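2 protein chains.
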Amino acid sequence: MFYQEELRWAREAEALKPHLIHEMISTVSVVRTEEDSAVWQGWKIRPIASPEDIFNRELPHTWEYTFDFGRFCVGFPVLDFEFIGLFDAPFRLEIKMAETPCELARDFSSYHGDLGRSWLQEALIVEDVAVSTIRLPRRYAFRYLKLRVVGNFTYKVILRNVRCDTVSAADWSVIQPLGERYDELDHAIYRIGLTTLASCMQESFEDGPKRDRRLWLGDLRLQALANYNSFRNYNLVKRCLLMFAAAANEEGEIPGCVYPGTPRPKAGNYTFDYSVLFGDILLDYVNASGDEAGGRALFPVARRQTEIALRQLENSCFHYTGNYWLFVDWKEGLERDCAGHSIIIYSLMRTLALAQRLGLESETGEYPALIERMRNAGYRKWFDTSLGYFTSGRNRQISWASQIWAAFAKMLPKAEMRELLKRLLKETDVVLPGGPFLYNQMVLVLERYELHEEAYRLTRSFWGKMVELGADTFWEIFDPSAPMRSPYGDPIINSHCHAWSTPTFHFK
Amino acid sequence: MFYQEELRWAREAEALKPHLIHEMISTVSVVRTEEDSAVWQGWKIRPIASPEDIFNRELPHTWEYTFDFGRFCVGFPVLDFEFIGLFDAPFRLEIKMAETPCELARDFSSYHGDLGRSWLQEALIVEDVAVSTIRLPRRYAFRYLKLRVVGNFTYKVILRNVRCDTVSAADWSVIQPLGERYDELDHAIYRIGLTTLASCMQESFEDGPKRDRRLWLGDLRLQALANYNSFRNYNLVKRCLLMFAAAANEEGEIPGCVYPGTPRPKAGNYTFDYSVLFGDILLDYVNASGDEAGGRALFPVARRQTEIALRQLENSCFHYTGNYWLFVDWKEGLERDCAGHSIIIYSLMRTLALAQRLGLESETGEYPALIERMRNAGYRKWFDTSLGYFTSGRNRQISWASQIWAAFAKMLPKAEMRELLKRLLKETDVVLPGGPFLYNQMVLVLERYELHEEAYRLTRSFWGKMVELGADTFWEIFDPSAPMRSPYGDPIINSHCHAWSTPTFHFK
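Those protein sequences? They're chains W and A, same order as listed. Each residue of the first sequence is one higher than the one before, counting from 1 in my numbering. Each residue of the second sequence is one higher than the one before, counting from 509 in my numbering.
Be aware that a few hints might be false.
As the list claims (entries may be wrong) - Straight-line C-alpha distance at most 16 Å; calculated EDC-like pairs for lysine to aspartate or glutamate:
| no. | chain 1 | residue 1 | chain 2 | residue 2 |
| --- | --- | --- | --- | --- |
| 1 | A | K774 | W | D88 |
| 2 | A | K774 | W | D128 |
| 3 | W | K156 | A | D622 |
| 4 | A | K664 | W | D114 |
| 5 | W | K266 | A | D596 |
| 6 | W | K266 | A | D636 |
| 7 | A | K930 | A | E962 |
Simulated from the structure, these hints should not be mistaken for lab results. Owing to the predicted nature of the structure, the values given are computational and were not obtained by experimental measurement.
Let's have the full structure, built from the sequences with the hints guiding it.
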């Protein structure tokens, strides 16, 4: 449909590739893992030495040390060595990197998840000459780095330093300190949230620097918002929007994620609720950056996503057939019809607002009536007046997901919806979010309804709990009641620095 | 002593660095190891499929195949892949390479030798993009290559080819086929010997392409001789001689091995019986190549080694103090005095012959008398007239080592020595060689005494046994009665392609 434009967008995206900012970080401690059923995921970290106790000494034939960087690092481990005596055998070094104590403690060969084991971070280095610095060629995401040498019987090995050449497209110099009215927990959430966001800002926004290291549209929506209020790297958002636009299929549908590629990025998974919100992300971008020309160039892409989504309506109502991926949340058994319906309405609202912002109202002439019709149909189908909640599915499931998206879609008058949301926050017998992604949607919608205090309290309770449990960055998956929860069959494959978990846009 | 010359020799050596010849070799079979106490080292190889049965098909999530190249390879494994579907996780590949079935079958983590485990050949590859070819950056020496993929749950993997980009400084096009008068075993010994030699011909001669991958003077002496009669790469020998000369210490003593380095190569282990034979190697080189200018340039180095060796004499007899390394053979309990004495005499004889060849007799005026004096003293000290053999040590040990070197040194008249050698070959109650290095010295000395039939028979019996046991190349360590023998504590660290084991110079 847009093929010529797509090639142009691909070139524009390429031209916006950021220069990454490097910072060399040194390890701060030598540690070991200890089993402790009282701590999160059953493993804690115990410092056993300072790096200075290990560095600059002759190490034994066989040794293993775990270095703690004291913070989350995304980058290239840099190991400085000196070899004493003739280098008469190769130097063989096993390396393991981990985001969390549990991952660090686990033998990777016991991994039993259903994503590729290849995401677990390990390396085997064999050097034939006595290089003084080994810089790993692959980028890793970690706080802990384990080095192991087995059976070196020849020259003496001296470790001089253990560092990480960290990389990010985020410029910390533009960050304002958080005001005095915030307490220690707020400061921690702010700092950890910014670290999470910065760690995910690479050559594009990534969902997580350990896994999938990939540009996902649903994550981009949240991290772009966080970015406008912090690092303000508008070009990185623009580049990502262009990458999605350039990866559209022949119908003009954009994917849920993209892979770098030439002559244009390759489409990844199609994700209904991600694609349809392209206009929402574009509007946020235009509002934040003021780049109306950019908005105008990509407006047809936004409009096209809503057209494609509307095909799924029957009698003005959305019904999820299961033939494509409608994500909404990592939550088994979640009924998605009401949320899907509301997401389409919301996308029409936002695309309409975008057209108005850009003076393109003629392109969205039918939208106001369409939105009204869908709201009415949706209200009739899913709102249960006796329960006072939107339901979904045959069992009339009441979930946060349905209420959140109905609220975004303004399916009730503002005062009623405010009351519904406040009531919902106190319910225990409803389907709660599966994780940070949907908690973030709730915080966002509470802010839209000016329920600032509720948004603030939810942020402190949900993200504050991760802080309490020792998070260095915010986690892809977090259910306080289920430490080992993983949608992938094994918690060590979870990403513990994840874009959709960054809450920084709630602080000013 | 020679420091300015050393820098010049280092530059000359650098200028003679060979252009390696590449040949791409493909795997011929898919195999597995099977335990079998009836075979050498307890493991045999069973073909289970042809590569075509594995290639060009979608492989399962987890797979492991061992590829047999049907011949020994020294080079860079090249693996051709195709990935079907989105490359949405890194590709993680474990690789193991082995020279022998026993090494292939062993779990490397059970290694218990006293050389570095780093010599065992393994690699871990993690690719973040869907490359169609993975070429290992390190050079390996192997016949068997095992690939293992664990838990790839995403895209489909298709293996297209498994190859090795082999490298050698040996040019096979100059090799003459062995004449018709030789039988099948001779042809096998010839072919395997040449493969062994070619595999060890890299940027310098190496002792073994798996281990130590290094230029050793004792190995060079044997492989240079083999080379003159086969690949005739005179420049590679010259380059190696220059590297040794350039690595001499401030006394002018050259080491037993060298490491590449700038501004000059670095000295490795000092090995008495290696260094002292520099003149012998140089004479062989001048005779083979006709490069008298090169011989003249390096003559002072040869002469200096004999001077240094003579310091170890007392009353014209050598006594091994144990304060330095006198190798002679990998044989525990070997008494080395008589052999060491004879090696010095032989070095004087050969350096004298070199001087005569080059018209430098004035440099070796004292040599004839010195040789005569040492022969007489040695004869008196070590020859036992009643036993009819040279003995060594307090227990009057009779060894092949003592007789071989006494023969090189012409410690008896020719006829008597011929008779001694023939008699020795039939003895069972003497100290036999520890391995191929000393067997090779025996074959050489038998040839010098024109005992061609005996040399031929010994070659067929010793090297023929390796052929019978399935050797692809000749082994560093071989004792037919002790399959698991290793001077390093674990046979999987032994080099199974070793310069000092090449016997090709016995065939014309």
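Structure-based check of all given hints:
1. K774(A) with D88(W): holds, 11 Å
2. K774(A) with D128(W): Holds - the C-alpha atoms of D128(W) and K774(A) are around 15 Å apart, at most 16 Å.
3. K156(W) with D622(A): holds, 15 Å
4. K664(A) with D114(W): holds, 15 Å
5. K266(W) with D596(A): The given pair, whose Cα atoms are some 11 Å apart, holds under the 16 Å limit.
6. K266(W) with D636(A): holds, 15 Å
7. K930(A) with E962(A): holds, 8 Å
Comparing the model with each numbered hint stated earlier shows that all of them hold.
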